[in-house]
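Trainee: Going line by line, the protein sequences match chains U and H. When the letters of the first sequence are read in order and numbered with numbering that gives the first Met the number 0, they come out as residues 0 to 327. When the letters of the second sequence are read in order and numbered with numbering that gives the first Met the number 0, they come out as residues 0 to 243.
There may be inaccurate statements among the hints.
Said to hold, decoys possible - Label-pair ranges, simulated between beta-carbon atoms:
1) H:GLN87 - U:ARG315: 56 to 64 Å
2) H:ARG107 - U:LEU283: 44 to 52 Å
3) U:LEU88 - H:GLY65: 48 to 56 Å
4) H:ASP202 - U:LEU283: 57 to 65 Å
Unchecked claim - Incomplete in silico selection of chain U near chain H, CB under 7 Å:
5) ALA4
6) PRO5
7) GLY8
8) LEU184
9) ARG194
10) VAL196
11) GLY197
12) LEU205
13) ARG311
As the list claims (entries may be wrong) - With the C-beta cut set under 10 Å, the calculated list includes, among others, these residues of chain U facing chain H:
14) LEU175
15) LEU181
16) VAL198
17) ARG312
18) ARG313
19) ALA316
Hints in this document: simulated from the structure, not taken from any laboratory. All values reported here derive from a predicted model rather than from experimental measurement. Glycine is no exception: its CB is placed at the ideal position from the N, C-alpha and C atoms.
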Amino acid sequence: MRTAAPVAGFVALLAAFPFLVTAPWLMTIALFTLMYAVLASAWNLVGGYAGYPSLGHAAFFGLGAYAEAIWFQHHGIGSGLAPFAVLPLVGLAVAAAGLPVAWIAMRTRSDVFAIVTITLLFVAQTLAYNLRGITHGAQGMAMPVPDFAPATFERPFYYAMLALLVFALLLSWAVLRSRLGLALLAVRADEDKARGVGVPVGTAKLGAFALSVGITGMAGGVWAYYLSFIYPQFAVDPLVTIAMVLMVFLGGRGTLWGPVLGAFVIAPAQQYLAYQYGASQLYLLGYAALFVLVMLVLPRGVLPTLADRWRRRRLRADVGPEVAVEQP
Amino acid sequence: MTAPLLEVRGLGKRFGGVAAVDGCSFGVQRGTVTGLIGPNGSGKTTLFNLVTGYLRADAGQILLDGRRIARPDPARLYRRGLCRTFQQPRVFPDLTVLENLLIASGHRWPALAGPRARAGDRAAGEALLAEFGLAALAADPAEELSYGQRKLLEFAALLMSAPALVLLDEPTAGVNPTMVRTMERHIRARHATGTTFLVVEHDMGLVMRLCDPVVVMDGGRVIAQGPPGSVQTDPRVLDAYLGG
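Just chain H, with the same shape it has in the complex (with noise of 0.2 Å):
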């Protein structure tokens, strides 16, 4: 088995007296939709937030491709590829929903003198935003667009880099079912193309559809891990959820 794409060791993360993430290691394989669960308070966002480096750990470490990630720092790692969307879909509502993307093609400092757009991004750009169904609203500034459109919008600006790993924070929270539907096609099409994904989600008849393997964190570790079938009828997850 080759090394993981990204793997946690023994990851910790306490605020004050309360540990969020507690010794918690498990490997995201290539290639998989990965879903990550647990309940309300089991540390999901906060392992998001150590690995994307919007968060410092204190203990454990973190493998982006085999190799050893010292400070995780957001910007740096998006442009290696690893890139998350949070739970609140964050866009920035002053800009339009194009340069939305536009901003997240992911150039080093030096391209900051160039253009707003060089001519392959926002041709890129384009392409994405008709595959998200979004083309019609290129020129509007983001804050006019819904609260699904936004997560779809966030999802969509990611993929600029074309990045080997997402990290999506409940994609389909508060969206209505249609949107649910929309999102989940974008992702399997993504996944189709060889995109990774690590999502943490509480709709579980999504999680069982899309994700192999489920992780199931409890208390900041892991608990259990496996097929979605088998992780599904495990006693100590059923206990996490059900509480015991």
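Okay, chain U solo, but in the shape it has when bound (with noise of 0.2 Å):
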């Protein structure tokens, strides 16, 4: 495969990337960018193969930071490496509580299945919140910290957000060369014509949702388990929810690597504009200017429109210039 050069040589520098950059702050941005990058590539698989922007990712962010912090309340960290290995579960788990869940709301579609997945999103906070026998509400909940020699702390959680990644890249990558990726296209292009031609369109939509929102709450996991303390306000923040929307936004819906490329350019600029300027917000100005621009120039986002414009050029060089402008 033409491709698989690249991709092999991009996850080997991120799998160097630990050992060429020692400096815990880098490593914290670089920590962050690839938990953007699974997330914006979870969110691509319903937000962009299926056109069902879901505002409401964020809720099963949390549900998997809690799933995790709760499970640890009880059992043992070992060495340190157990609330890595619990992840397929912590991911499963939110998966299945994701079924039920796009059962309802993909019955609505487009801006109204928006405001549904937002309100779950609201509903999942105040859970968090009110829920104090389960979640302690307001005063948050503490994870075990683990051993981890201080100057390379940041390293396991890098390697495991790195292995998501690559999950959530190689899943990706297998729904769009399976059946149901070409059902999810069809559903975003005309969900009712494919209704018409016999695609089992529910089953399509439940299943992009379940794997969609089952890589977000292995990522909520790691996340809690590095902050090691979460809050309701933090773990489900529609901040959190934006931040996946803008960066696929940017880097191209409905493309595999997309959602990397939003991810790599909006989540290290923020997190760099966090340390700046600390707890200003400053950054939420910038966000809200940049899915403006991007709207208004890149509306089909970086990689698609790099794509069609190296498609016509190799087409106008197949035909040659002068045969090349349309006959009226």
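From these two lone chains plus the hints, build me the complex, please.
Mentor: Written out as structure tokens, the structure reads:
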């Protein structure tokens, strides 16, 4: 495969990064960048391929975070790797929790779906505040802190996020190549027509949603373990949802690498600004401005626009300049 | 006489105070190309929507192959051999021409985990594209097709399921005369191999050439049916079309 070598190189570079850069603050930025690449890739399965703009994904991020925290209230973390080992279970549990949600929410479409899912987000946040017996409410929940060497404390979390990113990309790639991917693209284009040619649209949508929120929940689990303390307003944070959407829109909806590109541009910038300007939340203005800019200049995102341009240039080269102009 | 392949009994559908389909009953016999004509607003497209599960009927029954369909669902009906085209051709513009056929192969949900194209599907799709003269466009996005080509593609895609009954909603509306003949040729070819058709069409020349019998609707109900020749001279039909 033509793309295998660059992809392997990209992953190798990411794997070598902790040995090239050791400053903890840079490692933290890298860690969050990977996390957002995972989240954006996960969101893309539903928002990009199927065209269902979920604004509720942060609820599943929080669900994964709380699942992890609650589990280790009662269990030891051993040498510190146990919280990573249970991630597949967290992912399965969150995916299962996503099924009934998707079954109801995906009866609505486009803007109504966005509203239904953002409602879900606030319901989840309210539950996290008020189910004190389980979540300790506004007090927050502690995770045990592993005794990793301080100098390389971020590394295990970094590699966990990298593993999740590779998993998310492999899964997205497999979905695109499968009949599920074809069905999702058909749903995005014209769901009623898709039903009319026998596409099991309900199952396709449920499947995409479960995969998407399962990955999202696993990222939440690593996040909770890394921070070792989670609060409802950060575990179920509308800004996490907005970041996912913005990254996918910037990079290119429904493409394999667009969400990664979007995350690699926006997440470091946002983290850097947060370091520079502390809690001023000035970066929110940046978010809004960037969103407007993307919508105006690159409504389809960077990668589809580039691909289109490249394809047209090649067509022109094939046909020759004098015939390339469309006849009236 | 055997049970009709498709039968509607007393079918009714109201939109607010308007009865779009009002006690409509008729049958489509196996092996026919049945024409469904009537003035604009007589309920033909609504009837298609009811029969294919896009709308839920308020009254009446739909029987496919003698068996009542309690809750029509487009995807399930498609897999049972009943499918339709739309007045404005609906294809998936982002998918390639070939993928538009592959997506229509009608597999149940477990196939979602499998590859985009099973070996048999790809062969069937390519054969259909060759039959419909679209083979050269197989790898192009469907959005690049002309209006007439989209109509052909939409029709061709349905044939991936080897349907028993195809409902065509104005298959030649808005296309050039050459394309009308092409479409007619394809319908005839498929009819010859055993597919039954129910065709809504405003081109009376085509209806008279192609369809037998012809069902005439007006005001949501059937006002006449029979061989094209007799329908053509039926005073009730003339009255409906010319007004009186």
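Trainee: Any CB of chain H closer than 10 Å to the CB of ARG312 (chain U)?
Mentor: violated, 17 Å
Trainee: Are ALA4 (chain U) and chain H close enough, Cβ to Cβ, to be under 7 Å, as the hint says?
Mentor: violated, 24 Å
Trainee: Hold the hint about VAL198 (chain U) up to the distance rule: shortest CB distance to chain H must be less than 10 Å.
Mentor: The hint holds - VAL198 (chain U) has a Cβ within 10 Å of chain H, the shortest such distance being about 6 Å.
Trainee: Let me know if the C-beta of LEU205 (chain U) comes in closer than 7 Å to any C-beta of chain H, holds or violated.
Mentor: Given a least distance of 9 Å, the restraint on LEU205 (chain U) is violated.
Trainee: Holds or violated: is there a CB of chain H closer than 7 Å to the CB of VAL196 (chain U)?
Mentor: With a minimum Cβ separation of about 4 Å from chain H (threshold 7 Å), the hint on VAL196 (chain U) holds.
Trainee: In this structure, is the beta-carbon distance linking GLN87 (chain H) and ARG315 (chain U) contained in 56 to 64 Å?
Mentor: violated, 32 Å
Trainee: Hint GLY8 (chain U) vs chain H: min CB-CB distance below 7 Å?
Mentor: violated, 28 Å
Trainee: Just to be sure I understand the hint, the distance between the Cβ atoms of ARG107 (chain H) and LEU283 (chain U) should be within 44 to 52 Å; is that true here?
Mentor: Since the Cβ atoms of ARG107 (chain H) and LEU283 (chain U) sit about 47 Å apart, the hinted range of 44 to 52 Å holds.
Trainee: Can you tell me whether the CB distance of LEU88 (chain U) to GLY65 (chain H) sits inside 48 to 56 Å?
Mentor: Holds - the Cβ-Cβ distance for LEU88 (chain U) and GLY65 (chain H), about 51 Å, lies within 48 to 56 Å.
Trainee: Should the hint that LEU184 (chain U) touches chain H count as held when the rule is a Cβ pair under 7 Å?
Mentor: Given a least distance of 6 Å, the restraint on LEU184 (chain U) holds.
Trainee: Hold the hint about ARG194 (chain U) up to the distance rule: shortest CB distance to chain H must be less than 7 Å.
Mentor: Holds - the Cβ of ARG194 (chain U) comes within 7 Å of chain H, reaching about 4 Å at its closest.
Trainee: Interface hint check: GLY197 (chain U), Cβ to nearest Cβ on chain H, cutoff 7 Å. Holds or violated?
Mentor: holds, 4 Å
The structure is inconsistent with the numbered hints 1, 5, 6, 7, 12, 13, 17, 18 and 19, although it conforms to all the rest.
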